[in-house]
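Line by line, the protein sequences give chains A and B. At position 89 of the first sequence (counting the first as 1) the number is 587 in our numbering, and the numbers step up by one without a gap. At position 144 of the second sequence (counting the first as 1) the number is 265 in our numbering, and the numbers step up by one without a gap.
Derived from the structure by calculation, the hints contain no laboratory data. If you're wondering where the values come from, they're calculated on a predicted model, not measured in any experiment. Check each hint, because a few of them may be wrong.
Taking CB as the label site, the calculated pair distances span [said to hold, decoys possible]:
1. B:PRO368 to A:LEU534: 32 to 42 Å
2. B:ASN284 to A:PRO519: 47 to 57 Å
3. A:ASP558 to B:THR281: 26 to 36 Å
Cβ coordinates follow ideal geometry from the N, Cα and C atoms, glycine included.
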Amino acid sequence: MLGVSTKIEELLTSVSDPEIPVLSIMDMGIVRKVELLDNAYLIDITPTYSGCPAMDTIGDDIVSAFEKEGLKAKINLVLAPAWTTDWITERGRKSLEDYGIAAPRTAEVDKAALLGEANTINCTNCGSINTKMVSRFGSTACKALFQCNDCHEPFDYFKCLK
Amino acid sequence: MLQEKLYDYLLHLGDNSMILGQRLGELCGHAAELETDIALTNISLDLFGQVRNYFQAAAQIKGGDATEDSVAMLRYEHEYKNTYLVEQPNEDFAHVIVRQFFFDVYHQLVLNELMKSKNETLVAIAKKSIKEVDYHVDFSSTWVKRLGDGTEESHAKMQTAVNILWRYSMELFKATEIESWAADSGVGPDLDQLKPIYLERVTSLLQEATLSLPEETVFQYGAKTGMHSENMGFILAEFQYMQRAYPNMKW
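Let the sequences and hints guide you as you build the complete structure.
This is how it looks when you write it as structure tokens:
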């Protein structure tokens, strides 16, 4: 996607979101551009939410991952175009589900789910569709809190952002 | 000159969100229940994130040693341009929700217009922020309906909060010199045009929530030009403490 060598792509893939450690920043879709300029990689990353406290850490993690390989990286935070959950890759969606966070649905399903309509999001623990929203803000701004009516486990749902 | 005006306009946009974010931050660990505690602090985080974007742009205009932190923390009270509404204390959950609702509806209208601004930075910030603020509007509207059309007690508390807070809402639409400049030059919205839409949205949602607007509509104007209420000094005392006590402190 970014037109970079396999090595650089692997390096970037090795960096994960500190709040969702199973999710690589590449699968998250927040790396927008990589350019090699005067022996340094200029890397554009975009925040998921304006106040996402993970951005500084992610920037630092990229720089140190590159340093370990003797490479230089410079981070540039870009706002436009604004991040959308559509940029999460298929592999990313699967990692989220495996980790116990329901992956974002379409805008329509999302709206119904967040308006409190029951039975829209599958439980990530037992797979049941018999679930309800507990709060539209979960453990982080990008997630809503759900609970399964069958196995009673709470779980996060990654809100759709278009 | 143009850049100075843009700097001031960025403060207008950022200060409302920042002071409201600070008020919401006060509730961290103290909200009515765990879920609302998390929601309110997440909204606060969204607002502070947006403020960082405005103030990074402002610091760039100011140049020199200015940073987003110095713009946010190191001004005197009369240099802040937020409205009376966002300074209002948390009081009870009804106040928190009604204040949030009155601001969210305004905030969403302004951001929708900023997406068409002639200033590219503002367009980028607005396009990013609107996705978050749409959720804020959903959140506060849902609570207004649930509590307004709830029990006798929740209804009474909500009506009291509406009666007290409504007088601060109209100031949002009283354009200052800078906001008029922004409207005239295509940088920001024409607040006069947004006002009827705001009134319509607020009135119809309150009606759905079986609440009504009081007749008294205006407290006074002036917060946006630095004439703040007594609340502001207390907010800043807490907000600025670290930077004033330990200048240039970083996390």
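**Message:** Name the hints, by number, that the structure is in violation of.
**Reply:** Failing hint: just 3.
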